[in-house]
Each structure stands twice: as C-alpha cells, then as structure tokens.
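Undergrad: In case you want the letters, here they are:
Number of protein chains: 2
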Amino acid sequence: MFAEIITIGDEILIGQIVDTNSAFIAKQLNLIGVSVYQISSVQDEREHILQAFKEAEERADIVIITGGLGPTKDDITKHTICEYFQDELVEDASVLAHVEQLFKKYFARPISDLNKKQALVPSRSTVLHNQFGTAPGMWLEKGDKTFISLPGVPFEMKGLIQEEVIPRIQNKYKRPYILHKTIITYGLGESALAERIESWEDSLPSFVKLAYLPNVGKVRLRLTAKGTDKDILDSIVEEQIEKLKPLISDIFFSAEEEGSFEVVIGNLLAEMGATLAVAESCTGGKIAEMLTSIPGASRYFNGSVVSYATQAKIDVLGVDEQLISKHSVVSKQVAEAMAQAAQKVFKAHYTIATTGNAGPKKGDSDADVGTVFIAIGTPKGVISEEFNFGNHRERVINKASNKALEMLWKEILEK
Amino acid sequence: MFAEIITIGDEILIGQIVDTNSAFIAKQLNLIGVSVYQISSVQDEREHILQAFKEAEERADIVIITGGLGPTKDDITKHTICEYFQDELVEDASVLAHVEQLFKKYFARPISDLNKKQALVPSRSTVLHNQFGTAPGMWLEKGDKTFISLPGVPFEMKGLIQEEVIPRIQNKYKRPYILHKTIITYGLGESALAERIESWEDSLPSFVKLAYLPNVGKVRLRLTAKGTDKDILDSIVEEQIEKLKPLISDIFFSAEEEGSFEVVIGNLLAEMGATLAVAESCTGGKIAEMLTSIPGASRYFNGSVVSYATQAKIDVLGVDEQLISKHSVVSKQVAEAMAQAAQKVFKAHYTIATTGNAGPKKGDSDADVGTVFIAIGTPKGVISEEFNFGNHRERVINKASNKALEMLWKEILEK
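Sequence order for the protein chains is C and Z. Under UniProt numbering, think of the first position of the first sequence as 1, with each following residue one higher. Under UniProt numbering, think of the first position of the second sequence as 1, with each following residue one higher.
Keep in mind the hints are simulated off the structure, nothing from the lab. Watch out, some of these pointers could steer you wrong.
The list cannot tell twin chains apart, which means a pair is met if one copy fits it or any two copies do.
Claimed, not checked - Straight-line alpha carbon distances no greater than 20 Å define the calculated DMTMM-like cross-link-like pairs of lysine to aspartate or glutamate that follow:
id, residue 1, residue 2
1, LYS226, GLU45
2, LYS403, GLU47
3, LYS403, GLU386
4, LYS218, GLU394
5, LYS145, GLU394
6, LYS347, ASP320
Go ahead and model the full structure; you've got the sequences and the hints to work with.
TA: Okay, structure coming up:
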C-alpha cells in the first residue's frame, strides 16, 4: 500500500519556500498504514507534470498532488490533470456557491470572472470541499489507482487531508498497520550510541527497522514495524524497547512520539502546580516562543522578559548595575542574578535565564561569539553553566534554547 | 543547465522531519545560473536509490544527493553509490586524520572502528572536506554528468555547498544567468491583484515569467528571467518593475529579495537612531524572536516582556489592575496600556503590544478564540486595532505577529 506525493511549484525548485506540506501529508498517511514511497517536487510546466504523474502511477496506489490550483495564469495543475485523464473542466455549482459566499463574507465584494474559474473541476472528479479557501480538492480514480489534487496553501491542504482525504482512503483501501516508536536520548553521539547498543540492534527481529536521527545534542532512535496485527506488533516493539532501556538509562530522555522538552516540562509543571518564567538575553525570545507553542501553556507559564539591551536588565528585571559592571553582562553572576530576578518579578517557582553573544559580532561585552551562560532558578536555589555554541548565529540561539530546556528538565526531575 | 536534488532518508518519507536542505541547495544553485529540474525524496533502500539516480541522470547535468552518510547500519548511500558507479570503497588518509582530530578535540577519546568507516570513500571520487563533521562530501564524474553526495545534517551540508560544491560547479560548467526579482505587496488578495495588473502581465516579454505567491496577508510577485547577458536581463526586468509600480502604489511594500518586515523595520529604526520594545501576550515571544533573528538587532531592539499571565501584566509592565478588571484582559484598552507601559519600562521610542486568545481554549478572558488586539506605541501616541485571526493556534500567532510588524512599519513611515 504505497502513496506518492507530488508538489507542484517553481517556488520550491528555486528555493523560495520550504516544502512543509509533504511532511504533514506523509505523517497522516503513515498513521493509517499508508507508506509514502517517494516525494517529488516538480515545475509548473505541463510536460514535466505529466511525466511525474506517469512515474508515480507506476509505483504507487495513491498519488497526492499539492499546488498550482490558484486562479492566476501561472497555475496549470487543473488543466494538466484534465489532459492526463482525457477529461474536461466543468463548472461545479456547489463550489461556485461556496466561493461566492467566501467573497461576500471576507471581502464584501462580488466574485470576479477570475475567481469563478475556481469552480471549474474535471468532469469525472469528486469535489472535496475546502472550507478554508476557494480552490476545491479533487479526487479522481483510474482503476485501483487514485489521484488527489489539493491546494498548496498549508492551512487549506491540512483541512482537506484531515476532513476529506483520510476518511476516503480508509474507506476505499485495505491497509496494513505501521508502527513507529521513537526513543529520545541526549548527551551521547550517534556512533558511540550505536556501539553501545550494537548487540541489541543485531538481535532485533527482521521486520523491525532501526534508524538513528541525530539532532542538536540529541539522538532519536526510531523503531518501525509493519504488519497486519496491531496487537502483536505493539507487544513485540514494546518488548524490544524494554530490553533497550537498561542499556541507555543514563541518556534516556523520553519514549514519547512527540516528547519534546517543552511538552514534557509543561506536563511536569502542570502536575506539580508549579510555575515558570524566563529572562532571555541572547536567545531573544526563542525559549518563550518554544514554551508558548504548546496549547495550555498558560497553566504554568507566567511570562518572560527579553532584556536584550543591558539597560533593560537593570530597569525591567532589577539586576544590580554594579554586578554587571563588575563581572560584565555576559557572565555567570549576571545569568544567575537574572534567573533570581525573574523568580521575583514573575512570582515563579522555576526560571530560565540566558546571557551570551549569538554573533555575528561582539555586543555589549567582550565575550567571544558563541559564549552563553545559562542559569536555572529553582525553589531550592540557582545553578548555572557556561557554554560555547560556535559561531553560527541561528545555531547558537537554537542550541542555547535546547540546552536551557534540558537543564530545566533535569532540575525539575531532581526536585 | 539543470540539476536534480535527491534526499535520502525514511525520516522524510514518514513525515518525521521537514526537508529544509533542498530549498537551501536550490537557492544557491539558482544564484550561479543552475536551474533545479526536480527534487526527489527517496527511501534508505538500495533499489529505490539506484532507480532515482538513473532517472535523475537522464534529466540533469548535476545530481546532488544528501543524507544516508552516517556511520550506523541504516545509512547505505555510500555503498549504493559504489554499486551505481561500479566502484569500491577505499580508506582516505586525509579524512581519517580529520575524523581522528575531531574526536580528540570534542570527545577527548580515541576513534572507534565504527567512526573509522567515515574515512571510506569510492576510489574514483574526489573528497570534499567537511570541516564541521565526520562524513566527507564526494564528487564523482561520469562523462559530462556530475554526482555530488553530501551529509544530511543541515549545518554540514551548508558548509560543503558554499565552500566546495559551488566553486567547483562554477569552474566546470558554463552557465546562463538567472534573475529572480520579487515584489512584495500587502492587503490585496491574489485574484484581485491579478485582475488589477492583467494588462501589464500580458505585455511581459515571453522570457520573463511571473508567479503569484500568496502568504498570510501578503502576495509576492516573482519575476524570473533566464539568459546569457546579465546586463540586458537586469535592465529589462527593472523596466517592467517600473511599469508595475504605479499600478500597485497603494499596496507596494518592498522590492527587496529578502525584504521581510523585520529587516526593513530594523533598517529604518537604525537610520533614525530610534529604539523598539515589545509587550507580548498571546503571541508568546514570537515577535521578539522574529526581531532578534536579524543580526545587529541590538542596535535598536531594547527588549520584550511576554506577560502571559494576567498578573505579569500588572507586576512586570505596571498595567493598572482596575483597567484590566473594567475592560477585561483582552481589550483595546489593555493593549494600549501595555504598549505605553513598554515604552516606559524599556525607555523605547516605538513599542508593539498584543493581547488576545490564540486558542485552542478560552484563557483568562471571555474573548473568542482568535480575537487579538494589537497596539503600536509611537513618540506621538498610541494606536490600536482589533482582529480575529481564526481558530488555528499556530496561525493566529503567526498572523498576529505579521500584522503587528506591518502596523509598526506603517507608523514608522508616517512619522
């Protein structure tokens, strides 16, 4: 049971946008037992699209196409689908009514001829209702094969996948069960980890596949199994994970599929009834943004100060000016003072503070580019550590933010 | 002059990670006149990789492959390249010395047998030095065609593309000149914009291609031209843009290739010697994060308070408690008070304040999910506006952050 994803649009091929749609679609398909064989990004160009359709049809049962459904001249997907299916475009009354209604509601003006074209669909297609936009989804069958065309706007595509596409695939195709389990480890490199668990890896059943996914300070181990019996697969993979755990007890972080530090910390704080606040300098709001990206963060997150300018550390947080002049703004002492000040001004049990230089140039201090001090305030006191995260601005900010959450997580566990 | 990009790794096909490498590579290739014909993501599976190599070789002059170069068992790219080129792996002394040195420096331990494998390369390949990691890049030629294999870790891949791959392509191939110019407009939908500029679009020379790229509140118009004479292309495209400008003067934002609001605002503030601070509630640090992602933001950005909890608005910003109880925390009055409070505590000329409910549930107020008040503090006073950005948490945060920067930009221009 294979699918292929084809994204249409020159903007992807010239690197103007990153294709985030394919990862979303692939994840949703995996959840219902459909494997994605290949993802291809092709140009807004008739022959190229036709060739991609042909190749995908040979390899897969389901072909999902995104993009190229706008009303403007550069969008040619619909015409090309008609050519491939030897079909013609006809006006769909329900789509036309929907487009008219959207224009009335949001633009307070009548629909134009250009927008009317959004209601044209291949005569043999089933229309998939796009509640969030004017371009409908389209479902076309060719024997056992199904082609599905969706708009490229992520918000609209997501709605269509969840509301229309997934239920129809579940209805039409018999599918196996695919199980992915991810174990997150931290603090040990990919190759050292591989050596440590080599004999366990060699003893895995042949239908269980292991992958190593290294990322800033963490290595994720992904176990994948595919079969017909959900219960058997679940129990076999669970058994393997239980065998693995004693081998990695010192570096084991989480076995949750989506167990990021933000989520795990949030759950721990909510359970404890404890609160958190952040005082950021070099990370510039990144830590607050990560924490508040989790729905329900308001249960434990009191707030954050980004004290980017030195003066803001004094005025807003109340850090002692003399402490800053004595030790410099990028120092252990200032990081710890910021963490304690944040506990006070936000009335929070736990706090994170960062001060450092993310580059590219030196800022208010003489500290080397990449130097970051991270302090964690807890009900028992304050701890801090010094790091150098290299000379790549974005990477320094990301590494410091991840490390700060890791340090906080450890302090919460040791409470 | 075409290239294809092949990314290898099951993690992309199951939707565990988004492929950001391809966009980076495509952008760098375009800058030197190499068009990307197709991007394909394939599985860590021998036959599939061989098939992808074959298809790409038929269509393109240059094939760039990323991923599958780790030392662990799931990484098979190197062996598969050998099979495709009927070559064998040999140990490269310079790579071995580099890996040994990295281990000594960062892990303070000797290199293991597993890591030694990183020094194996196809005998006919030219090694591309990876200063940031243990997996070398590889350059292989087959007649006029070139295959380039790079590690999938973005940081390492980027270094190799810039330092090794681009100079070698420039050296080996004669390339045309590709020009992309993007005009950013705001506040008018894609189809209304298309109708307004239709006669201009129809009059474009045939070798100038126009694309519409709609995004949260903005539509980008991208003009692309390809040819041999840089000066002629530049002047023709420039001429077309000059003809376009009067048609869109009321919605014209910027003609810069990378002219995001953050960059443009930063440049304006730096020129004026003015400063900026932010008081965020529902946007949770996103606006500060966007502003500080720009190198040099410390010239004008004083800082930010994320007053997520209502109490933090009172304690940290000093917003009047009675004002909040009278009008509710999600209100025009509180947004304006936050903007003014931020001017005071951060001693800033300009401020942005947001208060609202990003969802998924109602928070400290009765406001509907999606309701956001944005206020802009300026040296002349404070303005504010109410919005409803829908019921999708991530989208509400993004839309509110973009809109806030747009409002600030207009206020700065009208000073």
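Undergrad: Now tell me, hint by hint, if it's right for this structure.
TA: How the hints compare with the structure:
1. In this assembly of identical chains, the alpha carbons of LYS226 and GLU45 lie at most 20 Å apart only when taken from different copies (16 Å versus 37 Å within one copy).
2. In this homomeric assembly, LYS403 and GLU47 never come within 20 Å of each other (Cα to Cα): the closest approach is 49 Å inside a single copy and 40 Å across copies.
3. For the homomeric pair LYS403 and GLU386, the shortest alpha-carbon distance inside one copy (11 Å) is at most 20 Å, but the shortest distance between copies (37 Å) is not.
4. In this homomeric assembly, LYS218 and GLU394 come within 20 Å of each other (Cα to Cα) only inside a single copy, at 18 Å, whereas the closest approach across copies is 25 Å.
5. Taking the shortest alpha-carbon separations for LYS145 and GLU394, neither the intra-copy value of 44 Å nor the inter-copy value of 35 Å comes in at or below 20 Å.
6. When the C-alpha separation of LYS347 and ASP320 is checked against a cutoff of 20 Å, the pair qualifies both within a copy, at 19 Å, and between copies, at 18 Å.
Of the numbered hints listed earlier, those contradicted by the structure are 2 and 5.
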